[in-house]
Amino acid sequence: MSASATSEWVTPPTRPELIESLVSGVDRYNPSNVGILEDYLFHQIRSREYDCLANLAILKLYQFNPDLYNPDVVVNILVKALASVPFPDFNLSVALLDDRVSNANLEEPDPLPGLLPYLTNLHSLLQQCRFPAFWTLYRSDTLESLRDNYTVEVVGFEDSIREVAVRAVKATFQKIGSKRLSSYLDLEGAELEEYVVKLGWKFDSTTGVIEVPPNPDNQIASTVVQEDIKLQQLTKVISHAISAV
Amino acid sequence: MSQPRVSLWATEEIDEDLQVDVNLAIGNYGQNGLYDDAQPRIDEATLIAVQHQMAQQAAFAQIPDAVKRFIVHFHQAVLENNLAEITVAYESGWNRLTEKHYSKTEWPEAEVIAPLVNDDQLFLILYRELYYRHVYSRLQPDIDDRFHSYENSCELFNYLLNSEDGPVPLQLPEQWLWDIVDEFIYQFQSFYVWRAKVKTKTEEELVMLADLGQVWSAYSVLNVLYSLIQKSKINEFIIAQQQGKSEAEIAEIVGDYGSLPLYHMLGYFSLIGLLRVHVLLGDFTLALKVVENVELNQKNPFTRVTACHVATYYYVGFCYIMLRRYPDAIRIFVQILNFILRMRQYHTRSYQYDQINKTADRMYALFAICNALSPSRLDDNILNIVKDRYGDQFAKLSRGDEGLPAFEELFLYACPKFISANPPPYEDAEQLAAYAEDPPPEPAQRHLALFLADVRAQAAVPTLRSFIKLYTSLDAAKLASFLDADEEEMVQQMMAVKAASRSVSRVGNERNLLDGQMISTSDMDFIINENMVHISEVTVGRRFAGWFIRNTEHAQRVLDGVKNSPLPLAPKIATTEVESKPLSTQQKKVAWGAKV
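These protein sequences, in sequence, are chains A and B. Everything in the first sequence is counted per full-length UniProt numbering, starting at 1 for the first residue and increasing by one. Everything in the second sequence is counted per full-length UniProt numbering, starting at 1 for the first residue and increasing by one.
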């Protein structure tokens, strides 16, 4: 596989030129550019795109200019980062959130300190592949404000979390029971069937078993790493043999 | 003055008389109006100036002659741009004199030695750079020192970057250039760490801190580094070199500034400096992005300054750890640790050697961490050294949840000294008090928490591996009963184990530091088929080719040697030789073996 796993993460094909010049240059430090990057974030939210480095640039501007801080933007960045597990985006974003001295600038109380522990919790559940627990916590009453104010705005948030689960399942299973899969995807019955068919997997309704198509991760074969003997290593031996003859 | 039992009243008068006498004896250096409040300003100022001058003269007199000679010699070398002399003075002269005369005190202030160098401003800036570096490393800088060292650094960079006539013709040894950048960032970091400690500040310091302005602001530090990078066009240079452009083309690309070694090296060192600053502030992707074009191998022409080389590897390796790219981090650490082992014999010059060793120790700790999280079969040599040094912690690391305290210990020991970009609210006394009451956690603790979250996600790996290794296929329910765990939870753990065995890594030819592919890092793989777990192992076959080739070549050499050596005498000829020995004295010219 020659395609780099990280090239899309570093430079998403959906990133416009203006953002590219901002992210890769010195202009990213200019506080007046924060509006451009924030607008780009909202564009990502509405159109199912994702650009990790541009969002990190916003957080960096907040780091140096505390008066630009906008907690809604931060929560949205973290929510988007949840969907990119197993990439380390969530941790990278939290690393840039300096401990904030409470600013008197905000009109409403800062929601971030309340939400951050829950978001961190959701993230670790995803990292440990504990998907049923994730859905339970996500749908619980404690996270109602997260759902109503933030994730509802992010188009396709739940689907993107399902994609995280699908990535993990794809790597580990060749066949998986439908009950198990439905608990991971938080989908039941007909919806589950529809989703699975859309993925291109085979759903066997008689046995309730779903077949995962082969991919590099779920094929195993006991291999013995043989050593490669290159021709150069043998040149001396061969040349000597020839001259002796 | 023998006047016993004088009343108190009388004694005071006598004292006053004495004082007036002393004043007249010294002279009228502006002390005329000392007690006359009608002319306060000018006279006080002159008095202070005079006192200052007297103090300076006294200080000047105290400077040892050797030091004075050194300063004059050093100044001469700088004026003549004599790089060899400057290097000698900088590397051995300064350190020797520090050890001898100034190991516990400051060097004389720049104003005091100014007459020795004819008030040459450039030299004084350079001198102050050394002066403050000495203060920061051996003594405790106070708030004035911190402010002044910042101003001095700004003056120096201003001179280098913004001179009207373009690039300055100054030449300095590379080691010094690296030390300038390194020290600048160190002072920045030291200031932030000091500033975050609210409780120990005096009143005066609080006032000064409330009104900082640009002093040691993150923006100004970044500005300096970016300006140096842009002026010297170092990034363009590296890319052009990688593309194999000719000397002439490269010279055109880098322009006036970049062609001078001073700016060229400063540009490169600023790249590494930026890498360091971004890591300190917690931005690991940007740190790697800044040095993405730098080639990390020994052939790089920038490896002449060992301290810089080691620092680069340390920070890049650390970034990889925070990005969860453990195989990459391991490879980086192994490379540099082997380099340090080999270079050890050449680098016994005191302060550099100590610093490099300290960094090496931290990298051994980081290597231990990475190895536990992503076992590899790489360097046994390094592995052995790590086991020696961190033996008991190393053993604990591979024990899942129990190993967390060991991870914490090693991480805190080995991580860089993170800083927080935001200062405590010195401008607002009320907020400051609240801050002092309930300070936020230190940056290092925050990053530790993030790292431990990653570790916890892999906590299930060691136990599961030890069971799975014993089977080729196993029922999930059975495995759950072995582990005494709920089956569904165990299946989820297995998905996590599978995820942990995949990392992004640079294999083969990726030049750019951020590139990579998803590879498998475990020697054991498994998949789940409904409820059956199938396991496969990757083993390394016996490597006999190398052994055979070596021995074949050895046999060849022996055979060749035998073939080319002189032939021994045949036995028949040997007996006739014995008989003819008496004859041989007369027949010395008999051809060998030509008997009969």
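Note that these hints are calculated values from the structure, not bench results. Each hint should be verified, as a subset may be incorrect.
What the hints assert, rightly or not - According to the in silico footprint, chain B covers these stretches of chain A (three or more CB under 8 Å from chain B):
| no. | region |
| --- | --- |
| 1 | 39 to 51 |
| 2 | 122 to 136 |
| 3 | 229 to 237 |
As the list claims (entries may be wrong) - With beta-carbon atoms standing in for the labels, derived distance ranges:
| no. | chain 1 | residue 1 | chain 2 | residue 2 | range |
| --- | --- | --- | --- | --- | --- |
| 4 | B | Tyr471 | A | Gln233 | 32 to 42 Å |
| 5 | B | Asn381 | A | Thr206 | 53 to 63 Å |
| 6 | B | His534 | A | Thr11 | 29 to 39 Å |
| 7 | A | Asn215 | B | Ala555 | 46 to 56 Å |
Claimed, not checked - The following residues of chain B were derived to be distant from chain A, with all beta-carbon distances above 12 Å:
| no. | residue |
| --- | --- |
| 8 | Glu109 |
| 9 | Glu204 |
| 10 | Glu249 |
| 11 | Arg325 |
| 12 | Pro375 |
| 13 | Ala453 |
| 14 | Ala457 |
| 15 | Ile527 |
| 16 | Phe548 |
| 17 | Glu553 |
| 18 | Leu567 |
The C-beta atom is built at its ideal place from N, Cα and C for all residues, glycine as well.
Mind verifying the non-interface call on Glu249 of chain B? Its CB should be farther than 12 Å from each CB in chain A. holds (24 Å)
Was Glu204 of chain B rightly flagged as not at the interface, with every chain A Cβ beyond 12 Å? Label holds. Min Cβ-Cβ 23 Å, cutoff 12 Å.
When you take the CB atoms of Tyr471 of chain B and Gln233 of chain A, is the distance between them in 32 to 42 Å? Check passed, 38 Å falls within 32 to 42 Å.
Within 46 to 56 Å or not, the Cβ separation of Asn215 of chain A and Ala555 of chain B? holds (49 Å)
Taking the minimum C-beta separation from Arg325 of chain B to chain A, is that value above 12 Å? violated (9 Å)
Mind verifying the non-interface call on Ile527 of chain B? Its CB should be farther than 12 Å from each CB in chain A. violated (5 Å)
Claimed coverage, the region 229 to 237 of chain A by chain B - three or more beta carbons nearer than 8 Å: holds (count 5)
How does the region 122 to 136 of chain A fare against chain B when you require at least three residues with a CB closer than 8 Å, holds or violated? Per the Cβ count (8), the hint holds.
May I ask you to check that Pro375 of chain B keeps its beta-carbon over 12 Å from the closest beta-carbon of chain A? holds (15 Å)
Is the gap between the beta carbons of His534 of chain B and Thr11 of chain A within 29 to 39 Å? holds (38 Å)
Say whether it holds or is violated: Glu109 of chain B keeps its Cβ farther than 12 Å from all Cβ of chain A. Holds, since 34 Å exceeds 12 Å.
Mind taking a look at whether chain B covers the region 39 to 51 of chain A? Criterion is 3 or more residues with CB to CB distance under 8 Å. Contact hint for the region 39 to 51 of chain A vs chain B: violated, 0 residues under 8 Å.
Consistency with the previously given hints fails for numbers 1, 11, 13, 14, 15, 16, 17, ordered from lowest to highest.
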